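Listed below are the residues making up each chain.
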Amino acid sequence: MKVIRFYARPALEILSVEMLALALVGAVNLVWKGGGLLTGYVAAAPVVFSWSAAAVMMQLSEVYARLVLSFGATRRQITVALVFWWFATAGLAALQAGLFRPLIAFLNLSEGRDFINAIYQTPALSWFFLTLLANSVLMLSVFLPPRGWGLAGRVILNCLVLLVEMMLPIANHILGWPFQAGVLCSVLGGALLVASLLKIQWLDAE
Amino acid sequence: MPLNEQSALYQQIAKMLEDGILRGIYREEEQVPSTNELARSLHINPATAAKGINELVEQGILYKRRGIGMFVSPGAVQAITAKRRAAFYEQFILPLVAEASSLGLTGTELAAMLEQAAKKKEETT
Amino acid sequence: MKTLCAQNLCKSYGGTKALRDVTLTLEPGHIYGLLGRNGAGKTTLLKAFTAQIPLTTGTLTYGGEPVWENEKALSELCLGRELSSRLGNSENALKVKDYLRAGRLFYAHWDEAYARQLVQRFGLNPRKTIGQLSKGMLSMLSITMALASRAPLTFLDEPVAGLDMVAREEFYKLLLEEFTASGRTFVVSTHILEEAAPVFDRVLVLKEGQLIEDCETDALLAQFCAVSGREDVVDAACAGYTPLHVETMGRQKCCTLRTPAADIAARGLDVDVTPLALHQVFVALCGGEVEP
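Protein chains in written order, with the working numbering: chain A, 1 to 206; chain B, 1001 to 1125; chain C, 2001 to 2292.
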């Protein structure tokens, strides 16, 4: 619990800044209807949110583990906290997707944009799985590279996350099977999570 | 080359307290600073301060009052003077003579110089 | 107060051995000095003591219980580690107050009022992030964390690095105040031995990952002396002992020996026999080469 508590505040801080940014864009949109790029941004809110949630996750998992170890946290505590945040951020992303869909429909912002349509038609549960996978990749990118692998390796792995993030809308848009894609995400994500958690058992403090 | 001639730190603490007693900073039957006070003000480990104090307790210069602290024993000034007198020959006279002989001064010359210094000291005090 | 027992600690990073078979016991109520050259394994040892790195082999117990993955034991051990504002360190985005909040969460004996008092005394701005702090301020933050943890066994890794003379004195004063008031055990690593020597009642010396000395400071100092004078007389005075270090200047010679000063003085030769200070003993032990 200590580890979860330690990062609850910075996590909420980052998330609330994201929310604020989204609200701001939404407000601009209400005033200036049909504003191309901005419209797209609001429509893509769930994606943005799941990305930011994942980014939080990544930052947390890195800071978590190495830093918190130096305060005398056990690896068991860290594992519990990571699993907690793994689900929590994914849950938030799904919630966000669920909340935004009626809003987008109400504002009728995404008319004629296939890609955006695909995004907001994707079921919330799929977003949940997608974020789980994104989190796992991020976590892996933090924990798997051996010491000294450096920034470059992490950047490459983080780019992988972006690709994963796009996978679901693409699967939905091109193949028309959003839910199956979600399940695939969760299986993959689960495997990566286990790999990360195993690595933590031999982690060095910073 | 090591140029700093120094005795062990605890011995320096003991000597410092003795000097304090001789100068009347700590009078007989008065309390001396505690181990912790010495440690804090001199930036030394309390164990070292305790070792210095204990050395003086063993020699009867300080004594312990249970639950209160360390006190200067009655007759401490005399005890310190007697102790230092006993060590005076070895600590001061022998090195003095050694230095004098390495400079080629004779015993008579040295004695004359000593007498002259003693007379001067008497005049000023 | 509990005892920390380390047995045969070994730690390798790839092929390099950072710790080789370190066995020692940290008894309560001492201020230990941890000495060693750069790369001797001081930080690794401190991290090993606090279970921050997995050991290659060896066992570590605190009060008879294993330290590894032991939440209770770990809440009584604090490592005030060296902070760095180097880019990419994950703690750099943390504010000073958030960093100290970790102390409140993780250390069982944390003293919030004491932490606030130290922050004020050092003039630390709680709203600044760690990345914004100067080198001296980083040290002060580490010191604050370590002292306010009130951990029965506290390790300080290079606490005075980057501190000026006045701040260093202030640190040793704070350390001694806390030590005399609480009797906590401290292990302090430092390179500035001239100032720290009087504070340590015991010293641990690491050399290339091995613990080569573990004894009372006085006892260690009493084992060494320097003999100086005319070359031939010094040689006669030192006959039978192997000098650790030799310096010559014309006919003047100075030998550092691991022999009590009284043994040499007893020979009654015309040489100066002087005890060594801790930093000189350290150089004699870890400095390396003996001149022919």
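Warning: the hint list may mix true and false statements.
With a straight-line Cα cutoff of 20 Å, these simulated EDC-like cross-link-like pairs (lysine to aspartate or glutamate) come out [stated by the list, open to error]: (1) Lys2173(C) x Glu1037(B); (2) Lys2002(C) x Glu2027(C); (3) Lys2(A) x Glu2069(C); (4) Lys2(A) x Glu2169(C); (5) Lys2002(C) x Asp204(A); (6) Lys2(A) x Glu2112(C).
Just the calculated beta-carbon pair ranges, DEER-fashion [as the list claims (entries may be wrong)]: (7) Cys2010(C) x Arg76(A): 51 to 59 Å; (8) Gly2015(C) x Leu198(A): 18 to 26 Å; (9) Gly2014(C) x Leu20(A): 17 to 25 Å; (10) Arg2104(C) x Lys1015(B): 44 to 52 Å; (11) Asn2125(C) x Thr1081(B): 52 to 60 Å; (12) Pro2260(C) x Glu1090(B): 16 to 24 Å; (13) Thr2023(C) x Arg76(A): 41 to 49 Å; (14) Gln2007(C) x Glu1090(B): 43 to 51 Å; (15) Arg1084(B) x Gly2063(C): 25 to 33 Å; (16) Gln1012(B) x Asn2125(C): 38 to 46 Å; (17) Arg2230(C) x Glu1090(B): 20 to 28 Å; (18) Ala2219(C) x Arg1084(B): 25 to 33 Å.
None of these hints come from the bench; they were simulated from the model. Quantities reported herein were computed from a predicted structural model and do not represent experimental measurements. Don't be surprised by glycine CBs; every beta carbon is placed ideally from N, CA and C.
Structure-based check of all given hints:
no., hint, verdict
1, Lys2173(C) x Glu1037(B), "holds (11 Å)"
2, Lys2002(C) x Glu2027(C), "holds (8 Å)"
3, Lys2(A) x Glu2069(C), "holds (14 Å)"
4, Lys2(A) x Glu2169(C), "violated (35 Å)"
5, Lys2002(C) x Asp204(A), "violated (25 Å)"
6, Lys2(A) x Glu2112(C), "holds (17 Å)"
7, Cys2010(C) x Arg76(A): 51 to 59 Å, "violated (24 Å)"
8, Gly2015(C) x Leu198(A): 18 to 26 Å, "holds (24 Å)"
9, Gly2014(C) x Leu20(A): 17 to 25 Å, "violated (46 Å)"
10, Arg2104(C) x Lys1015(B): 44 to 52 Å, "holds (46 Å)"
11, Asn2125(C) x Thr1081(B): 52 to 60 Å, "holds (57 Å)"
12, Pro2260(C) x Glu1090(B): 16 to 24 Å, "holds (19 Å)"
13, Thr2023(C) x Arg76(A): 41 to 49 Å, "violated (28 Å)"
14, Gln2007(C) x Glu1090(B): 43 to 51 Å, "holds (48 Å)"
15, Arg1084(B) x Gly2063(C): 25 to 33 Å, "violated (49 Å)"
16, Gln1012(B) x Asn2125(C): 38 to 46 Å, "holds (41 Å)"
17, Arg2230(C) x Glu1090(B): 20 to 28 Å, "holds (24 Å)"
18, Ala2219(C) x Arg1084(B): 25 to 33 Å, "holds (27 Å)"
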